[in-house]
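With chain A's structure known, arrange chain R on it following the hints.
Protein chains: 2
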Amino acid sequence: MNLRDDRVLGLDIGGTLIKAGRVDLQGRLSDAWEIPTPLDRPPAEAIALLARAIRTQAGPVRLPAVGVGCAGLVGSDSGVVHLSPNLPTWKEVSLGPLLSQELAAPVFVLNDANAFALAEARAGAGVGLSPVVALTLGTGVGGAVVVDGRLAGGLHGFGGEIGHMSIDWDGPPCPCGNRGCLELFVGRRGLVAAYLQQAAWAPGAVAHDLAGGIRDALDPRLLAEAARGGDPAARQAFARAGEMLGTALANVSNLVDPAVFVIGGGVAQAGDLLLEPARRTLAARAMIGAAGVAPVLEAALGVRAGAIGAGLHAHDRIAGALSAGPRAAAGGQA
Amino acid sequence: MNLRDDRVLGLDIGGTLIKAGRVDLQGRLSDAWEIPTPLDRPPAEAIALLARAIRTQAGPVRLPAVGVGCAGLVGSDSGVVHLSPNLPTWKEVSLGPLLSQELAAPVFVLNDANAFALAEARAGAGVGLSPVVALTLGTGVGGAVVVDGRLAGGLHGFGGEIGHMSIDWDGPPCPCGNRGCLELFVGRRGLVAAYLQQAAWAPGAVAHDLAGGIRDALDPRLLAEAARGGDPAARQAFARAGEMLGTALANVSNLVDPAVFVIGGGVAQAGDLLLEPARRTLAARAMIGAAGVAPVLEAALGVRAGAIGAGLHAHDRIAGALSAGPRAAAGGQA
Chain A
1 MNLRDDRVLG LDIGGTLIKA GRVDLQGRLS DAWEIPTPLD RPPAEAIALL
51 ARAIRTQAGP VRLPAVGVGC AGLVGSDSGV VHLSPNLPTW KEVSLGPLLS
101 QELAAPVFVL NDANAFALAE ARAGAGVGLS PVVALTLGTG VGGAVVVDGR
151 LAGGLHGFGG EIGHMSIDWD GPPCPCGNRG CLELFVGRRG LVAAYLQQAA
201 WAPGAVAHDL AGGIRDALDP RLLAEAARGG DPAARQAFAR AGEMLGTALA
251 NVSNLVDPAV FVIGGGVAQA GDLLLEPARR TLAARAMIGA AGVAPVLEAA
301 LGVRAGAIGA GLHAHDRIAG ALSAGPRAAA GGQA
Chain R
1 MNLRDDRVLG LDIGGTLIKA GRVDLQGRLS DAWEIPTPLD RPPAEAIALL
51 ARAIRTQAGP VRLPAVGVGC AGLVGSDSGV VHLSPNLPTW KEVSLGPLLS
101 QELAAPVFVL NDANAFALAE ARAGAGVGLS PVVALTLGTG VGGAVVVDGR
151 LAGGLHGFGG EIGHMSIDWD GPPCPCGNRG CLELFVGRRG LVAAYLQQAA
201 WAPGAVAHDL AGGIRDALDP RLLAEAARGG DPAARQAFAR AGEMLGTALA
251 NVSNLVDPAV FVIGGGVAQA GDLLLEPARR TLAARAMIGA AGVAPVLEAA
301 LGVRAGAIGA GLHAHDRIAG ALSAGPRAAA GGQA
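Protein sequences appear in the order of chains A and R.
Its first residue numbered 1, the first sequence is counted upward by one per residue in the numbering used here.
Its first residue numbered 1, the second sequence is counted upward by one per residue in the numbering used here.
Bound-form chain A, shown alone:
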């Protein structure tokens, strides 16, 4: 077996792009490529198209395994995508089995937040630390806990949903069925709403002018730009979101006692506008106190974290199957 053959393929299926690359055991990415997500095709056709792209990119090289990260409710044992916010037409799609058949290689599917967390814990901002608590802040808020390099997903692998921690038991209803969830305060929608509540939405306000007066153009990136440009309502929206984030991190600190928090995703690109108030609130609220509390770091791997984590997951699964013997290997999605 040559070194090249030890690298698996990692895939990250997003709402716009599918990002891919070969991933080695250390989580190093190479031969990266991407294609537009074929949202206009029925799922089976989209999967066949993806398989063709993979074969074209991989050439004659054998793929020992493929890992796929995908947003939404994903069965990590079955490889089924039950539903996904990024892929609105995908309902109960057997992504793992179908792709595995097309490629004649074992395919292992996991939730994209889990992929992000695995990557950052083993090859990113959390390297060498445990437990790692990872959060992605975007339209939604995902998360996962990694202990000694392994996802601590619980009984069904559904753990780590820090975005749906209620920090306001009687607060606004969340689409998840709960009330006062973190996602309502730090997700894209909550951040924009918090801004509009504070802002004088009129010419002269920095965010207003950056958005050309179009409310729907407001997003976390634009608000971060406005905040850096001196828009007080934008600064306040991030301060408030950071306080809510810090409150949730304190809860996680008390429950998990992590060595590090790693924060990624589009909203996190606001950096210290969001993370400084979060750190202050965490230090004030966590039982362990300001001296002992885990650092809150920005994610290190950027947009390729999902593909890297998916690859690491595939490495784990084939290693687990090999060490557990042929019966476990046969039970995979190969």
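Calculated directly from the structure, the hints in this document are not laboratory data.
No residue lacks a Cβ here, since even glycine has one placed at the ideal position from N, Cα and C.
Some hints could be false.
Claimed, not checked - What follows is a set of in silico ranges between Cβ atoms, one per label pair, in the way DEER data are often shown:
#	chain 1	residue 1	chain 2	residue 2	range
1	R	G320	A	A291	27 to 35 angstroms
2	A	R221	R	P232	47 to 55 angstroms
3	R	Q197	A	D216	40 to 48 angstroms
4	R	R28	A	L17	52 to 60 angstroms
Claimed, not checked - Some but not every residue of chain R turned toward chain A, in silico, with C-beta under 7 angstroms:
#	residue
5	Q26
6	F158
7	G159
8	I167
9	C176
10	N251
11	D257
For chain R alone, kept in the frame of chain A given last:
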């Protein structure tokens, strides 16, 4: 080595009694005894007194190890009791090293909620399940998460503090420094306060008459009796506490995805008065939904759980030291 020698000693240091017994590898307790906690003695003297009681009870039998559960902030590696609500004069007391010296046996100290959780997970209501989330509801609210029979205590072993999960970010201040913590709503004080807010505190009200008109006599046990006797304000106090408990359990469900919740402690003796509203709220709020949510069970081991868990902890530590070789064994508190 005979079977008798394989049993360690488990101790549970409470505010009133020290409970003890021999604990085998399966968590079976035998030769149980107890002594009053010598609160009137300085810590070093109290520890010497405890050691004499242990030697008297143990007779000539060799003790392979001793496990000690103790409320409060406890260094599980150092064996130091930093502070304890049950032992107000104990500050920075080297319980592990001192007791180890007196007994010429290795002594392993852990937090009492961790001992409770270990016992219930391996020999009580959580047997065979993982993860187990255990809570003790009393004056304070303690908790721990046990994964595959091991405490998931995090970096410093301080994890599992579900009592200090904020479910009301802008709520009443908690002595821990946070706001709106679960303990404020379901601990003894919160429960009594919730009752008094609702109650017509006058002759004829069931709880009033049970307490002989003395407010300070109100406690969770009396309120449970009053609720069963038809006191509407007492029923409402438990319903409200149960709803808050269920909200926190839903947060833990989303984060840990446990196989079971095990609830013990004095307040939990109210049984379904508290646990039914908690189960309803958990099912309504948890992302996994009513069909998949973990059951909420009453603890099974009663008042001996602490001693059993302390014994299991000692078994784990000597097994770990043996398997890690003589260097790790020498690093213990022996």
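Outcome of the hint check:
{"no.": "1", "hint": "G320/R to A291/A: 27 to 35 angstroms", "verdict": "28 angstroms, holds"}
{"no.": "2", "hint": "R221/A to P232/R: 47 to 55 angstroms", "verdict": "54 angstroms, holds"}
{"no.": "3", "hint": "Q197/R to D216/A: 40 to 48 angstroms", "verdict": "46 angstroms, holds"}
{"no.": "4", "hint": "R28/R to L17/A: 52 to 60 angstroms", "verdict": "58 angstroms, holds"}
{"no.": "5", "hint": "Q26", "verdict": "24 angstroms, violated"}
{"no.": "6", "hint": "F158", "verdict": "5 angstroms, holds"}
{"no.": "7", "hint": "G159", "verdict": "4 angstroms, holds"}
{"no.": "8", "hint": "I167", "verdict": "4 angstroms, holds"}
{"no.": "9", "hint": "C176", "verdict": "5 angstroms, holds"}
{"no.": "10", "hint": "N251", "verdict": "5 angstroms, holds"}
{"no.": "11", "hint": "D257", "verdict": "3 angstroms, holds"}
When the structure is compared with the earlier hints, a violation turns up for hint 5 alone.
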